[in-house]
Amino acid sequence: GAVVSQHPSRVICKSGTSVKIECRSLDFQATTMFWYRQFPKQSLMLMATSNEGSKATYEQGVEKDKFLINHASLTLSTLTVTSAHPEDSSFYICSAIDRSGNTIYFGEGSWLTVV
Amino acid sequence: KNEVEQSPQNLTAQEGEFITINCSYSVGISALHWLQQHPGGGIVSLFMLSSGKKKHGRLIATINIQEKHSSLHITASHPRDSAVYICALLAQFYFGTGTSLTVIP
Numbered sequence: 001g002a003v004v005s006q007h008p009s010r011v012i013c014k015s016g017t018s019v020k021i022e023c024r025s026l027d028f029q030a031t032t033m034f035w036y037r038q039f040p041k042q043s044l045m046l047m048a049t050s051n052e053g054s055k056a057t058y059e060q061g062v063e064k065d066k067f068l069i070n071h072a073s074l075t076l077s078t079l080t081v082t083s084a085h086p087e088d089s090s091f092y093i094c095s096a097i098d099r100s101g102n103t104i105y106f107g108e109g110s111w112l113t114v115v
Numbered sequence: 116k117n118e119v120e121q122s123p124q125n126l127t128a129q130e131g132e133f134i135t136i137n138c139s140y141s142v143g144i145s146a147l148h149w150l151q152q153h154p155g156g157g158i159v160s161l162f163m164l165s166s167g168k169k170k171h172g173r174l175i176a177t178i179n180i181q182e183k184h185s186s187l188h189i190t191a192s193h194p195r196d197s198a199v200y201i202c203a204l205l206a207q208f209y210f211g212t213g214t215s216l217t218v219i220p
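Residue numbers (the working numbering), protein chains in the order written: chain A, 1 to 115; chain B, 116 to 220.
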């Protein structure tokens, strides 16, 4: 069945560096992917909607220059956390909806720790 | 106030027990999703509901659109059911805070 793969699953980086997280739809094309953030014991929060071939749509309060999203192909969206700070440490997860619009698939998620 | 409220927040059950998780929402919807988040963080969509009831194995999900309420039931619970169950209105990107279920052998 359709799978969304996310990489890396865990990453530790130093403050001030940038980290890239990849989200791939493995056997279907996803014109739209979604990026979420989840703090411990809290709800998923939509960060942005990634649109293939165009600019991402960011939710209010999410800094587009800090969380760079690129959706260069129908199977790949990337989230780059730039100039990471410890407060960016969180669980980041992506999702994509198949062409029927009826099924949503989530990536495995990425645990980011900024030290 | 969160648009999606779940209860209970935490639930511990003995293996074999019947489990119910409730979800109430405050906005009009076209569909409601039940998601399962594993301890490692990965999320799986269990059900998408727009009306009535759906069953998949030991899992049953119901929704009452008029009352803005949905329930997820697990029959004959098993330790492998231990996870966080999230009620979500994905079209509006509203998520419940989840119900952490632990099933004890």
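There may be inaccurate statements among the hints.
Ranges between beta-carbon positions, derived for each pair [to be verified]: (1) E118(B) with T57(A): 14 to 24 Å; (2) A206(B) with L74(A): 43 to 53 Å; (3) T217(B) with K55(A): 25 to 35 Å; (4) K41(A) with H171(B): 40 to 50 Å; (5) H184(B) with S18(A): 43 to 53 Å; (6) H171(B) with L26(A): 17 to 27 Å; (7) L74(A) with P154(B): 26 to 36 Å; (8) S5(A) with H193(B): 26 to 36 Å; (9) E120(B) with E63(A): 37 to 47 Å.
Everything labelled a hint here was simulated from the structure, so no lab data went into it. For each residue, glycine too, the CB sits at the ideal point set by N, CA and C.
How the hints compare with the structure:
no., hint, in the structure
1, E118(B) with T57(A): 14 to 24 Å, "holds, 20 Å"
2, A206(B) with L74(A): 43 to 53 Å, "violated, 22 Å"
3, T217(B) with K55(A): 25 to 35 Å, "violated, 43 Å"
4, K41(A) with H171(B): 40 to 50 Å, "violated, 27 Å"
5, H184(B) with S18(A): 43 to 53 Å, "holds, 44 Å"
6, H171(B) with L26(A): 17 to 27 Å, "holds, 23 Å"
7, L74(A) with P154(B): 26 to 36 Å, "holds, 32 Å"
8, S5(A) with H193(B): 26 to 36 Å, "holds, 27 Å"
9, E120(B) with E63(A): 37 to 47 Å, "violated, 29 Å"
This entry does not satisfy hints 2, 3, 4 and 9, going by the numbered hints stated previously.
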